[in-house]
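Chains as they are written, first to last, in the numbering used here: chain A, 564 to 1116; chain B, 11 to 335; chain C, 220 to 499.
Any given hint could turn out to be false.
Simulated crosslink set (DSBU-like; lysine-lysine; CA at most 30 Å straight-line) [unchecked claim]:
hint, chain 1, residue 1, chain 2, residue 2
1, A, Lys719, A, Lys758
2, A, Lys894, C, Lys277
3, C, Lys277, A, Lys848
4, A, Lys955, A, Lys944
5, C, Lys497, B, Lys142
6, A, Lys987, C, Lys277
7, C, Lys277, A, Lys983
8, A, Lys983, A, Lys971
9, A, Lys848, A, Lys894
10, A, Lys971, C, Lys497
11, C, Lys277, A, Lys932
Here's a subset of chain A near chain C, in silico, CB distances under 7 Å, partners left out [what the hints assert, rightly or not]:
hint, residue
12, Ser825
13, Ser849
14, Asp852
15, Lys971
16, Ala992
Treat the hints as calculated values from the structure; they're not laboratory data.
Remember, it's a predicted structure, so these values are computed and weren't measured experimentally.
The beta-carbon is built from N, C-alpha and C at its ideal position, and this holds for glycine as well.
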Amino acid sequence: MKTSRAARRVRPPGRTLRMIVGLATVVALAACGPGVAANTGGSGEPRSGGDITFLIDSLGDTWIPNNSAISSFQGHIWGHLTDKLVYVDEKGEVSPWIAESWEQNTTATEFTLHLRKGVTFSDKTPVDAAAVLANLDIWAKGDATRGINPIGLFPKTYDHAEVVDPATVKVFFKAPTLGFIPTLGYHGSILVSPKTIALPAAQQADLANDLGSGPFVLSSWKEGDSVVLKKREDYNWAPAALKHQGAAYLDSITYKLVAQPSVRTSAVQSGQADVAYNPSPQELKSFSDQGFTTATPRYLGFVNGFAVNTRIAPFDDVKVRQALQHGIDRKEIISTVYTEDWLAPQSLFQSNVPGATDHSADFAFDAAKSDGLLDEAGWVKGADGVRAKDGKPLELMLYANPYLATSKSVDELIAQQLGKIGFKVNIQAFDVVTYGERVKIGSPSVAAYEVTRSFIDAGIVAGVLTDANKGENWFGLGQTDQKLVQLASSVASAESVDARAPLLDELQGHVLQQGYFVPLTQIVQRIYLQSPKLQGVSYNGIAYANYYAAWLG
Amino acid sequence: MNRDYARYALRRVLQAIVVILLAYVFTFVVISVLPGDPVTNTLRNPQNGFTEEEIARIVSYYGLDRPVYEQLWDSLSRLLVGDLGISLRSGLPVGRLIGDVLGSTLLLAGSALVVALVLAFAIGFGTRYLPKRYGQGLLRAFPSLFLSVPNFVIGLVLINVFAFQLGLFRVIDSEGGLATFFAAIALGIPVSAQVAEVLIANLDHEAGQEYASVARSRGLGQTGLFLRHLLKPSALPVVTVVALTVGELLGGAVITEQIFGRTGIGSLVERSVTTQDLPVLQAVVTLAAVIFVVVNLVADLAYPLLDPRVRLGGAKPRDKAEVAR
Amino acid sequence: MSVSALSRARPVIRRGQASRFPPTVVASFAVLALVLLWSLVPTLFTGQDPARGVPADKFLGPSTAHWFGTDHLGRDLFARVVHGTASSVTSALVAVGIGVLVGGLIGLIAGFVGGWVDAVLARLVDVLLAIPSFLLAVVVVSSLGFETINAAIATGVSAVGVFARVMRSEVLKTRRAVFVEASYLQGGSRWHILVRHVLPNASRSVLMLAVLQFGLSILIIAGLAFLGYGDPPPASDWGLLISIGKDYPLAQWLVYAPALVTIATVLSVNRISRWLRKTD
Chain A
564 MKTSRAARRV
574 RPPGRTLRMI
584 VGLATVVALA
594 ACGPGVAANT
604 GGSGEPRSGG
614 DITFLIDSLG
624 DTWIPNNSAI
634 SSFQGHIWGH
644 LTDKLVYVDE
654 KGEVSPWIAE
664 SWEQNTTATE
674 FTLHLRKGVT
684 FSDKTPVDAA
694 AVLANLDIWA
704 KGDATRGINP
714 IGLFPKTYDH
724 AEVVDPATVK
734 VFFKAPTLGF
744 IPTLGYHGSI
754 LVSPKTIALP
764 AAQQADLAND
774 LGSGPFVLSS
784 WKEGDSVVLK
794 KREDYNWAPA
804 ALKHQGAAYL
814 DSITYKLVAQ
824 PSVRTSAVQS
834 GQADVAYNPS
844 PQELKSFSDQ
854 GFTTATPRYL
864 GFVNGFAVNT
874 RIAPFDDVKV
884 RQALQHGIDR
894 KEIISTVYTE
904 DWLAPQSLFQ
914 SNVPGATDHS
924 ADFAFDAAKS
934 DGLLDEAGWV
944 KGADGVRAKD
954 GKPLELMLYA
964 NPYLATSKSV
974 DELIAQQLGK
984 IGFKVNIQAF
994 DVVTYGERVK
1004 IGSPSVAAYE
1014 VTRSFIDAGI
1024 VAGVLTDANK
1034 GENWFGLGQT
1044 DQKLVQLASS
1054 VASAESVDAR
1064 APLLDELQGH
1074 VLQQGYFVPL
1084 TQIVQRIYLQ
1094 SPKLQGVSYN
1104 GIAYANYYAA
1114 WLG
Chain B
11 MNRDYARYAL
21 RRVLQAIVVI
31 LLAYVFTFVV
41 ISVLPGDPVT
51 NTLRNPQNGF
61 TEEEIARIVS
71 YYGLDRPVYE
81 QLWDSLSRLL
91 VGDLGISLRS
101 GLPVGRLIGD
111 VLGSTLLLAG
121 SALVVALVLA
131 FAIGFGTRYL
141 PKRYGQGLLR
151 AFPSLFLSVP
161 NFVIGLVLIN
171 VFAFQLGLFR
181 VIDSEGGLAT
191 FFAAIALGIP
201 VSAQVAEVLI
211 ANLDHEAGQE
221 YASVARSRGL
231 GQTGLFLRHL
241 LKPSALPVVT
251 VVALTVGELL
261 GGAVITEQIF
271 GRTGIGSLVE
281 RSVTTQDLPV
291 LQAVVTLAAV
301 IFVVVNLVAD
311 LAYPLLDPRV
321 RLGGAKPRDK
331 AEVAR
Chain C
220 MSVSALSRAR
230 PVIRRGQASR
240 FPPTVVASFA
250 VLALVLLWSL
260 VPTLFTGQDP
270 ARGVPADKFL
280 GPSTAHWFGT
290 DHLGRDLFAR
300 VVHGTASSVT
310 SALVAVGIGV
320 LVGGLIGLIA
330 GFVGGWVDAV
340 LARLVDVLLA
350 IPSFLLAVVV
360 VSSLGFETIN
370 AAIATGVSAV
380 GVFARVMRSE
390 VLKTRRAVFV
400 EASYLQGGSR
410 WHILVRHVLP
420 NASRSVLMLA
430 VLQFGLSILI
440 IAGLAFLGYG
450 DPPPASDWGL
460 LISIGKDYPL
470 AQWLVYAPAL
480 VTIATVLSVN
490 RISRWLRKTD
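If we strip away everything but chain A, and leave its shape as in the complex, we get:
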């Protein structure tokens, strides 16, 4: 992750505003409302007190904890209302939280969690072994009879868990599951009160009924409008990694829905709010030039890229896939659609994922090489610049990913770039619902599926690359690529991180050399524009901003 704090000399937002809009006289009076006048950007000691407003583009759909915890929107609120068993930082490092310590057996099929004592939910009931057990069960299995989803990406090898004593839980898996402990720090794995878990779905959907043990509690909420959190005074079990103990500094956080990105950013600029979520990346530079803090934390996961369906002609030809890889100018994407805060990909994993290795040479931009590969594969350039073979044009349909705001722009740029090497690229953009219906991995009309997926542990690859064990079969290979099948299954069954590392490296190399995956950029799915007064913000492994240790300077 990268936080750029551009200004040495921070200008008060009032002046910034003037610069932008001109109407100087009125602004000076109006914009320097309460709280904006202080122009020290800030050093100094953390201080308690203060309220912040976080402008967010959506408050997602339901509040049923299991169904919403992974949402890019509700995840922010859950992160403050609830705790997790372990903390995973932005480098993927796992550290204790509600689980003080843990052990596993040598085959990574049994884990014992030792819980911190004295932790309570906001209704004062204890976060004990029984509560953790109830959570583990609902994460793993959900409850279809009540309309409650399981947690996506929770290890499907989960068998059951047992209460050993009030502070100890033992968890059993059907197969080695190295990823279990990191998954406990994943955004889906939020601890909620067993009372909440027992409620029917319609009542869980009311956020007021969803009790956690986090540093903030719900003050009020209004569907589709806002959620107000206030600090919990007796909170005293923060993860050591956050470097703060006791109650939060801030008195309250207001998450307010503002759908228009420009309204969100202008509100922060004019001092009406403290944080704007998902500003347009292209405007970040001008904001940081004006003295605002911008943050572009990367989550752990796959990079943004295309999973190529090898069953669809002409992508059954490795040369065409490689031509695709080498035909994309990632530097131009970053300089046009993003800023230098975005990083070029090195592999199919984000470079902060433990076990990710640098394979960028396998897919480096080289238009001449792409041209050569396509020539070799028999695709001949026509008068209109589009290549064709046996009378068929070299076409590619890209489906802009609705979960990534910049996806359309990136696709438009790729269409231009690939156009130069003879591809005819069309773009289709669906809303979220239609996208879910029409654009599925492995569908015969989707040759290139745009991946945006976070995970906590790279072991996840075993479940997505092939169709072994009901895997997602990203490349349409089934189990035809023996080497891939074998690598994936040995990654899955690895019993220690050290033993797994070389296997992961080989797997990344294989997938990229075969052109199965076309990386675009390292992904930043959560972008923050922030008032310079707000300090001490931390970002976890899934790139959510945490304001537990934040304060207003």
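Fit chains B and C to the given chain A structure using the hints.
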């Protein structure tokens, strides 16, 4: 109150009820045409990585895998006992969702109506009495101009100027007085154009009438003339138009609320549409139809009582307004 | 929907005072002619590619090289506006076409056949009129899928009710007219009466409503595009351009240029529609 009137009223009320029920069914049919629902949609979020099997299990809990006519029958029988169902997107009862936001939209629409009327009457008055060199003619072009500007452009400009440049209101305090006022302007301007057009046409007409000249020759002041002899006879058509624009206020709220970050029926629709949240959309569309039908019913029923020139029978009062909208 | 049709019912006093072609009307026709040319032969007006830009030239303000500036991918906005005209105009035409054809047919049948057919169709039209037109368009487009052509269809559907109403009342009026009854008495067939008397008389009001509806459709489709219910990139309908532009507050021309083009077009259409009514 004669028997003719009673029969007429009864018929209109029955028609209104039929229309409302049909609107409910109509929305169901339109939305059900396409596959896709919020439940499946949440499950299909690529972050989840669920298998089709897992998805099917949850979907069947919500009864979304049953035949369409069964679902329609369910929703109709629920409606008859006053149950609007559960939102598929949020999991909350639809009645509660709407109840929470209805007040905000009514306030916005009501303020917008006031803004529209004030603007319309100001324009109407101006076209009669503003001296020519101060742009009387120009004023006549205003309704046309108002009708030509996309309302989201008005909204964006208002926010930009008044919230960010002048700092008159805070966007995050979207329900505040001034924020509501400016949102009401954005929503009310196109409506004011329609009212003003009708008003101007009627004022022109009345001004040409004999009694107006008589009044003028008797030395009645301009304002007095305007109020007593021009405005009053013009009021009835204006009432009709206002009743007809109620729907427009509700429709326009979809965009206005989104731009101003307000919660309300409009933003609820916007969120429900993108996820195809059928029960909510059905309820909202029906509610809009109810409001429209009731307002117009009241206007229609009041019409013959207000204006003795309108007789029942031959020409339904409604025919006057039929050309409108 | 426009209420202006209502004012038509009253005689307009200033009729005949102005010259046959007031300057604003001439200007309006000029604007529409330009818009028409843009949609037919866009390449005559701009040599730049609307879909391919120079990424390094992003966010350039309006200048002689780029009249409307450039967008977030360095594409010439003027080229995008010009090339987006065809789609904006066609979609509005489609919407009006649906309104006229479907609405007109319903109104015609209801008015001409009468009886229970009229009663049934009247309820259907009531439903279409009772649902706010923009709300109706939003619901229909969500069901059809978010594309410009679907937005056009949805807008057309939302206009069906109005056209049906107007058509029906015109048909009734004509049917009751003396000359039609005379023709009936002389033994003219129903078909003959329909084609010879009813349709020509009714079509005048429908035509004027259609002109007005054309301008309105541009606005509604732009509104739908604003909410994100339009074609995928690199489509450049005016509404889409405004919608994309609004996300870049630092490059305000991205909103104002396409917005002004839209306003000028709709204003011209409205002006012409008013002028048509006066010369009626």
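Kindly indicate which numbered hints from before are broken by the structure, ordering the numbers from low to high.
Structure breaks hints 10 and 14.
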